[in-house]
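Now for the letters of each chain:
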Amino acid sequence: MSSPLVLNHLRALEAESIHILREVTAEFQRPVMLYSIGKDSSVMVRLAQKAFYPGKIPFPLLHVDTTYKFREMVEFRDRFCAAIGARLIVHTNREAVAQGASPFRLGTEKCCGLLKTRALLDALADGGYDAAFGGARRDEEKSRAKERVYSFRDSFGQWDPKNQRPELWNLFNSHTDKGESIRVFPLSNWTEMDVWQYIHLENIPIVPLYFARPRRMVVRGDSLIPVEHEIPLLPGEEPEIVMCRMRSLGCTPCTGAIRSQADTLPKIIQEMMLFRRSERENRVIDHDREGSMELKKREGYF
Amino acid sequence: MDTPAPLWDWRPAAVSQTPGATPSPDREAALESFLHQERDKELLRFSTAGSVDDGKSTLIGRLLFDSKGVYEDQLASIAQARSSQTAGGVDFALLTDGLRAEREQGITIDVAYRYFETPRRKFIIADTPGHEQYTRNMATGASTANLAIVLVDARNGVLPQSRRHAFIASLLGIPHIVAAVNKMDLVDWRQDVFEAIRQEFTRFAAPLGLHDLIFIPISALLGDNVVLRSTRMPWFHGESLLSHLETAPIAADRNLAEMRFPVQCVIRPDQNFRGYAGQVASGILTPGETVMVLPSGRTSRIKSIATYDGDLPCAFAPLSVAVCLDDELDISRGDMLVDPACPPLLTRTLDARLVWMSHTPLDLKRDYLIKHTTQEVRVRVRAIRYRFDVNTLAQEPATELRLNEIGAVVVETRKPLFVDPYRRNRVTGAFILIDPLSNETIAAGMISDPRTRHPGRTATGDPSAPVTAAERAERHGHTAALVWMAAGWDAASRLERALFERGAITQVLDAAAAGEHLAPIAAAALTAGQIVIVAAEGKASLPLQSAARDLAGPDRFLELPAAQPDDAYLDELERRGILASEF
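Order-wise, the sequence lines are chains A and P. Using this note's numbering, read the first sequence as starting at 1 and increasing by one per residue. Using this note's numbering, read the second sequence as starting at 1 and increasing by one per residue.
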């Protein structure tokens, strides 16, 4: 082989993530992987397959279902998990849903608190999980830049950013007391670009919503809102067909689409690179959103 | 742009997922080839340390922002998109500060990781605060770095802070150091200022043994020599900082000679497959080659190197793989596969440098846990040889280590570890200490070269002083003792094995075979501080037993009854104060 014995960056990141996945599985009693159906989750699951090959993934995948997910996401989830033989646990805050929790009635913050954060903490407690993998990356936003790979949570699932353990080399400290747990982020050092490149390189299946195609949308100002889950229309609004795609996947009421022609992975990657550039001046002054993410995390959010 | 040799990857480019794609061959092909090139980048991790006024945030902001502009121009030329503009009037510090508390206080108190890329490399920055009270954060950021940027303010010369950063970089074994002499705009771009700093820095850094130290005059604020070469310092003929980051030869830093493979877990989905999963620490694994398993010392050959993507022709650091061997050996987490021609040191005593990271000082009377590769073992710090003054590098006597202090210590471990000097191997030479009560990570350790001599080690300082029994006991972790094992040879051998695994110096003697020679042989071994196990069966040995008891003395003589589990024997030795029982 003419290539030198040097890994390219994707293989180096892959090796680091596999090390983390194995280390947690070896040192914790009951690990679980948070599976959000998004692209980062898809990458994380592929890394787990690699870490324990030819064995199966030795921990379950946990999906916190708010009941507001896209139909295509749920279909993809069930098909994908069956295909790879993963054990899937779906958890919903039934009580809140029964009481009619929705972003339209409660506002997004309270709705997220009930259907995501509360549901997640309950699901973790129900399963007695002492370690939970999440797909968060440090490049996502500023408060994540300082989060450890092993993120320690007290018995209420809360994060204390001022009291984080030092994390050196690839030596992770897995010691916790009863009731405490850790969140583990195997993709900590990946950037969004790495994730897309890896999906492309590995041909990892992702939800088709990421690809541009003509879709029925409500056009409201600059926003494109998917017509799903009975979104309340304003007077005079009519859904129309728009060539668009989702940049990130969440609940339908809170996930805007973008107009796009990117119907292949290379085009998505290219589009993303160009977007970043136009966005960067705005991002620099965008403190509020980032501060609010830190607050959410302190309360137990991923 | 020139295209360097492709990096190692075993997969061909994937076929795109194209549901309902509209093909436009030329543009697609150009994009594919661009993306392919994008994948073929080396990863470089570097650390920076600095405080509020030395321009660190400005420098990082400049690197992130300007490199992105350059990067996107590259993309734009392919995508026929508009050309990018350079940054103007951006507060770079806002790009780099993080947590709410830090923003409120306007300081940086933790390690933050940041990411950027150029067409040649992908970069991870470990961005750390620079003040003395954040030494532990600097050490954390430095632990995985290939390169360190040490900032020097051109107006102030080499301050203690720059010295400290260089010292920590050398302590954590960062192979490449760049001294970035910043704020050249404030000294009128003068060459003599730069040269004076270069000389002073070089002089004080000489004892640190930095292999690759270079100097670059920059102005982070105005961008000179950061991304592009400055036109205002024509006297400087070196590269810009970013060019250096893109080309520093990091591949050669790895240890490809001494194979070490710490086992993380065993993958055994069915009877037909047993793979030892782990990440290669150093060296190269190749199927067909003989490996030795530690601590058992057994050897076998590599049958295959299994991955999800198929078997590999070889594996090297930092690949994560599963290794299958020809023979079925008893191997579990914490064991290590090594090259039998150059095994690591098997030892219970570590000479190491510690960076203390806890608010509670080091306590020589307390037990801690060491995490070294995939092993976790109880330890005690036996002695502090000295403490460093991190600003002057002077060594001073110390009785404790406090938060952010760095010292040279002797660590005793309950079980032997398989170690290399940190200078030779940043994986098998590194460890952390954990407090078993608070669960905190309390220290980072770098194992020193055992060949390094430590003058003044003897209590008297007299080079001709005889070695005492107490010194032997401290070194061995046990006193001399004579164990009378009435259960016979097999039980004696098992006990010896158990003791040996704990690092004890042992010898088994067969009472019947030794006969009248038993006493003199045992006496010599006791003088050398060994634990002598006498395998004795039947009444014929009884006269020898009383002689042996007299020889050892009642404190050091122990008669063990037949047929007990090995642990019970060890407990008895601990209870009697023969084995160091605090572990």
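Simulated from the structure, these hints should not be mistaken for laboratory data. Predicted, not measured: the structure shown is a model, and the values here were computed from it. Treat the hints with care, since some could be wrong.
[Claimed, not checked] Coverage of chain A stretches by chain P, computed from C-beta distances (three or more under 8 angstroms per stretch; other residues unrestricted):
no.: 1; region: 75-85
no.: 2; region: 197-207
[Unchecked claim] If you want a taste of the chain A side facing chain P, the calculated C-beta under 10 angstroms gives, among others:
no.: 3; residue: 50
no.: 4; residue: 52
no.: 5; residue: 88
no.: 6; residue: 92
no.: 7; residue: 147
no.: 8; residue: 161
no.: 9; residue: 175
no.: 10; residue: 180
no.: 11; residue: 191
no.: 12; residue: 219
Even for Gly, the Cβ is constructed at its ideal location relative to N, Cα and C.
Evaluated hints:
no., hint, in the structure
1, 75-85, "violated (count 0)"
2, 197-207, "holds (count 7)"
3, 50, "holds (4 angstroms)"
4, 52, "holds (6 angstroms)"
5, 88, "violated (20 angstroms)"
6, 92, "violated (29 angstroms)"
7, 147, "holds (9 angstroms)"
8, 161, "holds (5 angstroms)"
9, 175, "holds (4 angstroms)"
10, 180, "holds (8 angstroms)"
11, 191, "holds (5 angstroms)"
12, 219, "violated (22 angstroms)"
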